[in-house]
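Enquirer: Next come the chains, spelled out residue by residue.
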Amino acid sequence: MWIRPVGARALLLECADSAEVETWRAELWRRREAGELVAVDIVPAARTVLVDGVPDAGEAAELVAGWTPRPAADSRDGDYLEVPTVYDGEDLSAVAELWQVDVDTAVARISGTELRVAFCGFAPGFAYLDGFPDGWAVPRLPSPRPRVPAGAVALAGPYAGIYPSASPGGWRLVGRTGMRLFDVHRDPPARLVPGTRVRLVPA
Amino acid sequence: MSGPRESARRDEAQWIEVLRAGGLTTVQDLGRPGWAHLGVPRSGAMDPYALRLANRLVGNPEPAAALETTMTGCTVRLHRAGTVAVTGAPAVLRVGGRAVDTGGPVAVPAGAVVELGPARQGVRSYLAIAGGITVEPVLGSRATDTLSGLGPAPLTDGDTLPVGPVTAGPAPVDFLPDVPPPAELDLRVRLGPRQDWFTPEAVRALLGTAYTIGSMSNRVGARLAGAALPRAVPGELPSEGVVLGAVQVPADGQPLIFLADHPTTGGYPVIAVLDDVLPLAQARPGTIVRFHGPVAGPIARP
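Protein chains in written order, with my numbering: chain B, 122 to 324; chain Z, 392 to 693.
No lab work stands behind these hints: they were computed from the structure.
It is possible that part of the hints are untrue.
To give an idea of the interface, some chain Z residues facing chain B are shown, with a C-beta separation under 7 Å as derived from the structure [as the list claims (entries may be wrong)]:
| # | residue |
| --- | --- |
| 1 | Ala427 |
| 2 | His428 |
| 3 | Leu429 |
| 4 | Gly430 |
| 5 | Val431 |
| 6 | Pro584 |
| 7 | Pro629 |
| 8 | Ser630 |
| 9 | Asp666 |
We treat Cβ as the ideally placed atom computed from N, Cα and C, and that holds for glycine.
This is chain B alone, in the form it adopts within the complex (with noise of 0.2 Å):
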């Protein structure tokens, strides 16, 4: 794990791949919780964590360095979550044909894999989840689609997603859910925090 510096209020820990990102993640978000870290937002992403809004960017740096994460298999954490899912999606064929297997051995695929919301961007709610394995990645769209209607469960890269709301995107498109993703009322307003574990279960 590296640090670099961001600015005079956060510091970028950049770890070795996503597993790393969740343990760090899980540490910082604890010994927030606990009081050892002053800090406004905790960002995991792809490799990094971004640890904003901290009073002494160099005393949070020191501060980070001298601790040891809890190791991997104690920070799965995560609430567990069943999306149903209907696998109707516009390019579910389409990926089944990229991993040269067919329709219902995708959809098995998918709904069969444990997923993790490995970290939240692009809109408010909306989780980047991993867990499949290498060699599954799918390619984004040539161009993306001016609209794509909320709860659309798609692929792209590593990652699978759901459309919080309605929106443009260009994530290939393999099933729906009529799950409710993000709700201003809720506490916390997001299903899918990072952390959270995943399962798209067939509707």
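Starting from the structure of chain B, add chain Z where the hints point.
Expert: Showing chain Z alone in chain B's frame:
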């Protein structure tokens, strides 16, 4: 316009009516920090000092919501008698057709029209109303986020907005210095987190040449034009969290400074981060920007 606003109108004793919304007028408070891990931007007033001052001038708590205008001002009508104050970009203010001073509390009779003209200098004026704008908060904030769509939509002609009860009198001692925004901004930066994705020439260009704020700038970011910042590392950076004031460099090499409504993650490398974005709140397109600051490298874990 929207459901919540209509129901609020019935429940509240006081409201304002938007007669002329202007080019971009939004409801702003101090934003919604602490939700970035869910993809929710911070948002909030571009000039939080001006917002706080406007609120103090009318007796509101500093974090109350007010209107943020953009260059073109706005016109509202108060349903009941109240107190307003305008801060930020200076502009002609008229109440009931009569010119009044900005930068201090102004008594407004019931039914009177408050006209805030175009900004004479700067970009954003703040119109605070005693009691504050009390649209329903979203994740603890009433701010309009132009990127994610959270909070009330930008105002349109004919909107009505609820105003809360007045809790205190106007502050008697506040002072508004009338300092015009400079034509050239000196912005202090710290290099990183991704300066190593750029050539040494790029770092020299960033710190040694002038940039101009482009006309496509908005609440999400200030787009700059000037010497391109060449990359030393080709390819895509995996998405990572970005902060207010990050100087991100898209594929065309022209830097972009992230402002209040910036996305929570980004995939272009950030060459440097500003210590303070406040001067950009009132910087018009065409303003010259110069960066200066210490050179910092990556810190290895001991």
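Enquirer: Determine for every hint whether it applies to the structure shown.
Expert: Results for each hint:
no.	hint	verdict
1	Ala427	4 Å, holds
2	His428	5 Å, holds
3	Leu429	4 Å, holds
4	Gly430	4 Å, holds
5	Val431	5 Å, holds
6	Pro584	4 Å, holds
7	Pro629	3 Å, holds
8	Ser630	5 Å, holds
9	Asp666	6 Å, holds
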